[in-house]
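Engineer: Residues in the first sequence are numbered consecutively from 769, following the numbering used here.
These are computed hints drawn from the structure, not numbers from a lab.
The model shown is predicted, which means the values in this text are computed figures rather than measured ones.
Any given hint might turn out to be false.
[To be verified] Each pair of labels, with its calculated beta carbon distance range:
#1 ASP1196 x ARG1131: 29 to 37 angstroms
#2 PHE1123 x PRO1022: 20 to 28 angstroms
#3 ASN1193 x LYS1097: 16 to 24 angstroms
#4 ASN961 x GLN990: 39 to 47 angstroms
#5 GLN990 x HIS1021: 34 to 42 angstroms
[To be verified] Mimicking BS3-like on lysine-lysine, the simulated pairs with C-alpha atoms at most 25 angstroms apart in a straight line are:
#6 LYS840 x LYS855
#7 LYS1132 x LYS998
#8 LYS1214 x LYS1152
#9 LYS1147 x LYS1179
#10 LYS934 x LYS951
#11 LYS934 x LYS870
#12 LYS951 x LYS1148
Positions of the beta carbon are idealized from the N, C-alpha and C atoms, including for glycine.
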Amino acid sequence: MTECDLTSADSIIEFAKKLKYQTLRQACGEEIEKHGYRGKGNFGQILEKFYFGYEPNSESEPDFKEAGIELKSSPLKILKNGEFRSKERLVLNIINYLEVHKEDFETSSFWKKNAHLLLVFYLHESDQDLLDYIIKLVDHWHYPKEDLKIIKQDWEYINQKIKDGKAHELSEGDTFYLGACTKGSTALKSFRNQPFNEKQAKQRAYSLKQGYVNHIIANIAQEETAVYGKIIERPEILDKVLSIEEVVILKFHPFYGKSAEQIEQELGLNINQKTKSYFANLTNAILGLELGQRIEEFEKADIQVKTIRLKENSLPKEDISFPTFEYQKLIETDWEDSDFKNLLESKFFFVFYQFEGDNLILRKVRFWNMPHSDILEAKKVWKKMVKTVLNGEIVKAITDNGVRKTYFPKKTENRISHVRPHARNAADTFDLPIADKLTGLTKYTKHCFWLNASYVKNEIYLQ
DNA sequence: GCATGATCATGC
DNA sequence: GCATGATCATGC
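Use the sequences and the hints to build the structure in full.
Structural biologist: Have a look at this one:
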């Protein structure tokens, strides 16, 4: 018996908040036993069935139909400083390619279902039964109006791509807060027909980006420690023809062709050129932020900001590095769930400076995400890397001066990406799941995937 | 001059 | 102690 009026939003929210600091076992243990629970189902299903006492609804209506509330549960991780972060993106309803192209945002299946969310965040512990996860945060969520404008633009971008017969080329990096993420990852059956192209498209769902969920969490937990600044102070600007991309690019335009030093002067800044965050500070200042503020819109959209210094021939001075990978994790994770794919599917913001002698001149900025066909090409690098580790064939040879030649994917083998060391020194290692056949090594220098400088020049800077 | 492997510097 | 951006060394 629920002590909750399932037709009243207030009643539902109030009842849900009683879950705080409890586990599912504590909150609905008896109910679960009565129904002969066998460990099947996910956190959300158990919550619906055994706490709220209803069977999951049809796909097109919100879970609590009369109250217009959609229930979502999602895992948290905890940082060293004790703050909560979302463990992943928040997956919403599946995109029905055959229907959505007929919809408008305001009457869309997405908006009907997800306008008002009830969120239950629990602390995920990999060694625990999900019945024992502790629920940390519970609250409902209405999108602030400035967020909603961006979400609507995102929704429309996704819809346009479907109308253009490009559902199979959708990518999370296409959009800002609302993404189109893959769902039903591994199975071949997760392919769907699309209305304007014979090619089948991977099944995808609307999702809130991990960064956006982090902001929801910070809001609910009311423990915002960082100082944020907004690029778009008056959301009305997005009612004009302007997208957030256009707003940002317009802010940079006046500084094209100027040196970093000139820009500093014109903005009346006094920042230390030696500091590591020099270019980040410059970028923030151009966007109108105070020193030390973090860019709210970029964080919500999981945008990777990369400042590139081009040589006089327009080739980036360096390849672009990504975080190091653990060999063990690499081989036990599918491509669909891999960190590398996740990275390549995110949105990037490139700021290009070019050397003129010792001066760095701002050339241009660009929002970018990797085209679908290139992601498939970069996947080959990942695949080869996995195979190399699985085979235990790491070191090809050792030169006279002790330098190791490896079997890792090289820059010359792939247009887009390669693998190179990224470590403190040779002793800075991760474990190898399979010992190297030649040397017997069971640990190896930390490596990461890199974007080739030539790719950045040809496919991002010159485009 | 570039590809590849190795390492450094800084900031949290 | 570690992540990240940056740079160095060697050999072809």
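Engineer: Does each hint fit the structure? Answer for all of them.
Structural biologist: Results of checking the hints against the structure:
1. A C-beta distance of roughly 35 angstroms is found between ASP1196 and ARG1131, which places it inside the suggested range of 29 to 37 angstroms.
2. For the hinted restraint 20 to 28 angstroms between PHE1123 and PRO1022, the CB-CB distance of approximately 21 angstroms keeps it satisfied.
3. Taking the beta carbon of each, ASN1193 and LYS1097 are about 22 angstroms apart, inside 16 to 24 angstroms as hinted.
4. For ASN961 paired with GLN990, a C-beta distance near 45 angstroms keeps the hint of 39 to 47 angstroms intact.
5. As the Cβ distance of GLN990 to HIS1021 is approximately 38 angstroms, the hint placing it in 34 to 42 angstroms holds.
6. For the hint linking LYS840 to LYS855, the alpha-carbon distance of about 14 angstroms falls within 25 angstroms, and the restraint holds.
7. For the proposed pair LYS1132 and LYS998, the alpha carbon gap of about 21 angstroms is at most 25 angstroms, so the pair holds.
8. For the suggested pair LYS1214 and LYS1152, the alpha carbons sit about 17 angstroms apart, so the restraint of at most 25 angstroms is met.
9. In summary, the hint linking LYS1147 to LYS1179 is supported, as the alpha carbons are separated by about 14 angstroms, within the 25 angstroms threshold.
10. With a C-alpha separation of about 17 angstroms, the suggested pair LYS934 and LYS951 falls inside the 25 angstroms cut-off, and the hint holds.
11. The suggested pairing of LYS934 with LYS870 holds, with an alpha-carbon distance near 16 angstroms, which does not exceed 25 angstroms.
12. For the proposed pair LYS951 and LYS1148, the alpha carbon gap of about 22 angstroms is at most 25 angstroms, so the pair holds.
Taken one by one, the earlier hints all hold for this structure without exception.
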